[in-house]
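2 protein chains.
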Amino acid sequence: MQTDTLPREDEETALPQVRDEEGSLNGAYLAAVSEAIETSNAERLRVLIGDLHESDLGDVLQALSREEREALIALMGGDFDWTALTEVDETVRDEILETIPNTAIAEAVRELDSDDAIGILEDLADEDREEILAALPLAERIKLERSFDYPEESAGRRMTTRFIAVPPFWTVGQTIDFLREDDRLPDDFTEVFVVDPRFCFLGTVSLDRLLRTKRPVRIEEIMGEVTHSVSATDDQEEVARLFERYNLLSVGVVDESDRLVGVITIDDIVDVIEEEADEDIKRLAGVGDEELTDTFVSAVRSRFIWLLLNLGTALLASAVIGLFDGTISQMVALAVLMPIVASMGGNAGTQTMTVAVRALATRDIETINPIRFISREALVGLANGVLFAIIIGVVASLWFSSTQLGGIIAVAMIINMVAAGLAGILIPLALEKAGADPAIASSVFVTTVTDVVGFFAFLGLAAWWFAIS
Amino acid sequence: MQTDTLPREDEETALPQVRDEEGSLNGAYLAAVSEAIETSNAERLRVLIGDLHESDLGDVLQALSREEREALIALMGGDFDWTALTEVDETVRDEILETIPNTAIAEAVRELDSDDAIGILEDLADEDREEILAALPLAERIKLERSFDYPEESAGRRMTTRFIAVPPFWTVGQTIDFLREDDRLPDDFTEVFVVDPRFCFLGTVSLDRLLRTKRPVRIEEIMGEVTHSVSATDDQEEVARLFERYNLLSVGVVDESDRLVGVITIDDIVDVIEEEADEDIKRLAGVGDEELTDTFVSAVRSRFIWLLLNLGTALLASAVIGLFDGTISQMVALAVLMPIVASMGGNAGTQTMTVAVRALATRDIETINPIRFISREALVGLANGVLFAIIIGVVASLWFSSTQLGGIIAVAMIINMVAAGLAGILIPLALEKAGADPAIASSVFVTTVTDVVGFFAFLGLAAWWFAIS
Numbered sequence: 001m002q003t004d005t006l007p008r009e010d011e012e013t014a015l016p017q018v019r020d021e022e023g024s025l026n027g028a029y030l031a032a033v034s035e036a037i038e039t040s041n042a043e044r045l046r047v048l049i050g051d052l053h054e055s056d057l058g059d060v061l062q063a064l065s066r067e068e069r070e071a072l073i074a075l076m077g078g079d080f081d082w083t084a085l086t087e088v089d090e091t092v093r094d095e096i097l098e099t100i101p102n103t104a105i106a107e108a109v110r111e112l113d114s115d116d117a118i119g120i121l122e123d124l125a126d127e128d129r130e131e132i133l134a135a136l137p138l139a140e141r142i143k144l145e146r147s148f149d150y151p152e153e154s155a156g157r158r159m160t161t162r163f164i165a166v167p168p169f170w171t172v173g174q175t176i177d178f179l180r181e182d183d184r185l186p187d188d189f190t191e192v193f194v195v196d197p198r199f200c201f202l203g204t205v206s207l208d209r210l211l212r213t214k215r216p217v218r219i220e221e222i223m224g225e226v227t228h229s230v231s232a233t234d235d236q237e238e239v240a241r242l243f244e245r246y247n248l249l250s251v252g253v254v255d256e257s258d259r260l261v262g263v264i265t266i267d268d269i270v271d272v273i274e275e276e277a278d279e280d281i282k283r284l285a286g287v288g289d290e291e292l293t294d295t296f297v298s299a300v301r302s303r304f305i306w307l308l309l310n311l312g313t314a315l316l317a318s319a320v321i322g323l324f325d326g327t328i329s330q331m332v333a334l335a336v337l338m339p340i341v342a343s344m345g346g347n348a349g350t351q352t353m354t355v356a357v358r359a360l361a362t363r364d365i366e367t368i369n370p371i372r373f374i375s376r377e378a379l380v381g382l383a384n385g386v387l388f389a390i391i392i393g394v395v396a397s398l399w400f401s402s403t404q405l406g407g408i409i410a411v412a413m414i415i416n417m418v419a420a421g422l423a424g425i426l427i428p429l430a431l432e433k434a435g436a437d438p439a440i441a442s443s444v445f446v447t448t449v450t451d452v453v454g455f456f457a458f459l460g461l462a463a464w465w466f467a468i469s
Numbered sequence: 001m002q003t004d005t006l007p008r009e010d011e012e013t014a015l016p017q018v019r020d021e022e023g024s025l026n027g028a029y030l031a032a033v034s035e036a037i038e039t040s041n042a043e044r045l046r047v048l049i050g051d052l053h054e055s056d057l058g059d060v061l062q063a064l065s066r067e068e069r070e071a072l073i074a075l076m077g078g079d080f081d082w083t084a085l086t087e088v089d090e091t092v093r094d095e096i097l098e099t100i101p102n103t104a105i106a107e108a109v110r111e112l113d114s115d116d117a118i119g120i121l122e123d124l125a126d127e128d129r130e131e132i133l134a135a136l137p138l139a140e141r142i143k144l145e146r147s148f149d150y151p152e153e154s155a156g157r158r159m160t161t162r163f164i165a166v167p168p169f170w171t172v173g174q175t176i177d178f179l180r181e182d183d184r185l186p187d188d189f190t191e192v193f194v195v196d197p198r199f200c201f202l203g204t205v206s207l208d209r210l211l212r213t214k215r216p217v218r219i220e221e222i223m224g225e226v227t228h229s230v231s232a233t234d235d236q237e238e239v240a241r242l243f244e245r246y247n248l249l250s251v252g253v254v255d256e257s258d259r260l261v262g263v264i265t266i267d268d269i270v271d272v273i274e275e276e277a278d279e280d281i282k283r284l285a286g287v288g289d290e291e292l293t294d295t296f297v298s299a300v301r302s303r304f305i306w307l308l309l310n311l312g313t314a315l316l317a318s319a320v321i322g323l324f325d326g327t328i329s330q331m332v333a334l335a336v337l338m339p340i341v342a343s344m345g346g347n348a349g350t351q352t353m354t355v356a357v358r359a360l361a362t363r364d365i366e367t368i369n370p371i372r373f374i375s376r377e378a379l380v381g382l383a384n385g386v387l388f389a390i391i392i393g394v395v396a397s398l399w400f401s402s403t404q405l406g407g408i409i410a411v412a413m414i415i416n417m418v419a420a421g422l423a424g425i426l427i428p429l430a431l432e433k434a435g436a437d438p439a440i441a442s443s444v445f446v447t448t449v450t451d452v453v454g455f456f457a458f459l460g461l462a463a464w465w466f467a468i469s
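Each protein sequence line maps, in turn, to chains A and B. Quick note on UniProt numbering: the first sequence kicks off at 1 and runs consecutively. Quick note on UniProt numbering: the second sequence kicks off at 1 and runs consecutively.
Honestly, the hints are just simulated from the structure, not real lab data. Keep in mind that a hint or two might mislead.
Computed, partial: chain A to chain B, Cβ under 10 Å [said to hold, decoys possible]:
id, residue
1, H53
2, T99
3, N102
4, F296
5, M353
6, T447
Please read all numbers here as calculations on a predicted model, not as lab measurements. All C-beta atoms, glycine included, are put in the ideal place defined by N, C-alpha and C.
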């Protein structure tokens with residue numbers, strides 16, 4: 001939907017552009033906003049940010065310091081567009097909400113769509129949320145409280161409760177007249193929902209269908225059957241898959257008695273898809289849901305736990321090395337070469353694991369026979385294992401003038417690369433089966449396997465070879 | 001948009017459900033399809049897959065073997081829905097297209113929307129593509145050839161050239177009548193585009209606006225200004241950012257003389273967002289654009305290059321260890337402990353790098369002062385470095401009954417964790433600045449830094465300490 005809310009360059013008032021050609025926030029514009037805040041020039045600030053799209057305002061808030069944000073909201077007063085809070089990182093939102101009295105938040109929430117209101121209230125402490133809800137008019141409070149009854153990240157939390165519902169016996173003409181006359185309708189919509197008197201969800205009519213049909217035709221004649229509907233308790237990721245798979249623009253949400261209680265639109269789903277991919281990538285690296293704006297303390301804390309787990313893995317690997325300290329003191333070259341076997345296994349395991357975790361997340365894996373996938377990964381590991389065994393075997397033989405050492409590291413390389421391929425696919429599959437998130441736990445397990453197998457194979461083979469020769 | 005193309009359970013013909021409750025393809029359904037193919041039962045096949053949504057058909061194709069796919073397409077003949085090819089992985093699409101004569105592909109392409117046709121023709125060899133284009137009617141050929149003039153992954157490749165354009169002086173009534181009577185319009189649309197006689201892009205009218213306005217009102221009075229338009233040469237990722245930022249449903253694409261040449265819709269952008277996140281996550285792990293369906297050979301080849309790069313890194317690290325072989329032979333405990341320092345640095349560096357790469361990809365980084373980000377990462381590295389220095393210092397002292405060794409590893413840990421934090425942020429920023437993709441190259445460089453610094457700091461400190469004590 002095209003909007004016309006971006007302020008344009010204006011000769012008279014010399015407003016700087018909000019964004020530069022690449023779409024980044026314009027430094028001169030940000031400087032002007034900061035200056036208006038510093039000089040408490042509310043009028044100038046209103047000119048600068050009054051008409052901003054919520055997304056631009058969100059980016060501006062994110063770029064300002066904590067104190068500037070507070071001052072900006074105070075200066076804007078009732079003209080502040082609270083939907084911008086749905087566009088900033090959680091940390092920034094929390095910082096802003098902390099400084100605002102609950103009564104003012106309640107005032108702001110009243111003007112928001114239900115899904116935006118939930119986005120803002122969701123992360124607040126229970127007592128704050130209850131205080132804010134209590135300050136709302138009864139009808140709104142009940143509607144929001146019902147949404148909070150649904151689990152976090154469910155369809156019920158993402159849906160808007162403002163949508164257009166008409167009975168099946170209306171004509172196209174009646175429906176169009178209703179749309180023309182009622183000005184309490186949602187701002188943008190692409191579909192009209194058809195319900196029976198009990199509000200059971202019967203079907204949908206897209207706006208283009210409505211426009212292209214003659215006025216006397218009855219809605220039930222042109223209505224599309226409900227083939228994609230979502231239960232309010234469904235997980236938002238499942239809903240996102242549905243949108244992606246069938247190119248939907250919106251979908252009706254029904255409660256346990258099949259009554260239409262809300263609508264989820266594609267713009268909310270775009271955010272879910274982005275968030276979800278972001279979560280996968282960050283979980284694989286052990287930075288959880290960390291955002292750029294997270295505070296120093298929370299970044300240290302969230303990363304510490306992951307690093308502690310990895311310390312456990314590293315100590316286990318060291319213990320394996322410790323088993324062979326006698327062998328190493330006989331031949332220091334082993335210490336020089338051993339990280340190579342472990343590191344190549346770690347990288348190969350990460351490759352397989354990443355393909356597996358993404359295939360699980362996007363459900364691509366369902367179209368593939370798992371046995372085919374597992375055997376392919378073992379074979380890929382074997383093939384690259386043999387190739388790198390040859391390379392490292394030659395390098396090690398020349399470096400330390402010992403074909404024995406070259407042979408030992410070559411065999412260890414093959415063993416570890418096959419182990420890496422198998423661990424990379426079997427561990428995510430097993431975690432998924434056990435109901436755990438493969439993205440969050442796979443890499444610790446995979447690294448443990450490749451480190452332990454790598455050091456054990458290489459040093460163990462060397463010890464055995466020296467014992468028998 | 002709700003569609004009614006999913007076959008439902010039918011008592012009489014006993015059709016199995018296409019998908020189970022979790023949305024996965026149903027095994028019984030797939031078995032029925034395979035059986036119909038094996039027995040060359042075209043009628044049964046038509047019943048089973050004739051009405052499938054393109055996305056479901058794509059998943060079915062992906063789940064079948066190569067031979068089954070070929071037989072299915074042959075059995076379906078003219079009833080095969082070619083749009084399904086846009087829903088399968090590139091490898092599967094290529095395998096299918098290889099077996100079909102170019103004249104048959106040309107026949108199929110004629111029935112597709114331009115963006116779908118491009119999606120199918122894009123990956124073909126140049127000579128095949130030209131042969132297919134030559135077999136098309138002139139008007140279609142010119143339209144497709146023009147799209148191919150735009151760079152890969154540009155807006156011009158993603159746009160559809162079927163859209164609704166009206167002059168600004170038409171009334172709402174005239175427009176609605178036009179929509180009602182012309183049956184050559186696109187299937188689904190959410191906006192009407194307004195152009196002048198030279199086809200210059202003037203503005204848009206959303207369907208809900210059109211529906212809610214009285215018939216005599218002129219289009220120019222209700223049209224939204226063009227604030228978000230895209231040039232045909234713009235990169236698809238930039239277009240995706242625009243959709244995300246402003247919650248758009250479609251956007252007009254203009255050529256260099258500002259003429260409206262196409263429209264990009266949100267369903268294509270959802271795919272771009274998904275692909276892009278997928279690329280980032282896979283590039284970080286060094287598996288490029290690998291898909292689950294890639295053949296054994298292409299998987300081995302694509303991963304080999306990455307592993308070769310990592311072998312270089314590992315050899316560099318070994319060379320550093322080699323510098324201190326004398327020190328190690330004096331004290332084997334150093335060999336036992338040294339992987340811990342390198343591995344903790346590697347993990348900490350990967351954490352920072354992942355946050356940085358995602359922040360660059362989603363443009364979040366633009367709202368943050370880079371100096372603030374860099375100093376935060378250095379501080380986080382220092383803080384976790386001190387914490388883990390204490391832990392590993394105590395462990396090492398107790399394990400090897402040597403507080404000296406504990407002290408040495410503690411100091412090395414702090415040095416490497418700070419180096420990891422700095423490398424994790426500075427390397428992606430530098431790559432971005434140099435015009436390279438930070439996702440594809442960062443992790444090799446970061447690991448090199450953390451391995452080299454880790455081994456050098458730990459072994460170097462030990463060598464120095466033993467030399468002076």
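* To do: So, A/T99 near chain B? Judge it on the closest CB pair being under 10 Å.
  => Hint on A/T99: violated, closest Cβ of chain B at ~20 Å, above 10 Å.
* Does A/M353 pass the interface hint, meaning its C-beta sits closer than 10 Å to a C-beta of chain B? -> holds (8 Å)
* Do the numbers back the hint for A/N102, that is, is its least Cβ distance to chain B under 10 Å? -> Constraint on A/N102 not satisfied, violated at 28 Å.
* Can A/F296 be said to touch chain B, with a Cβ gap under 10 Å? -> Holds - the Cβ of A/F296 comes within 10 Å of chain B, reaching about 6 Å at its closest.
* Asked: Holds or violated: is there a CB of chain B closer than 10 Å to the CB of A/H53?
  -> The hint holds - A/H53 has a Cβ within 10 Å of chain B, the shortest such distance being about 6 Å.
* **Status of the A/T447 interface restraint (C-beta, 10 Å, chain B)** => With Cβ-Cβ at 8 Å, under 10 Å, it holds.
Hints 2, 3 from the earlier list are contradicted by this structure; the remaining hints agree with it.
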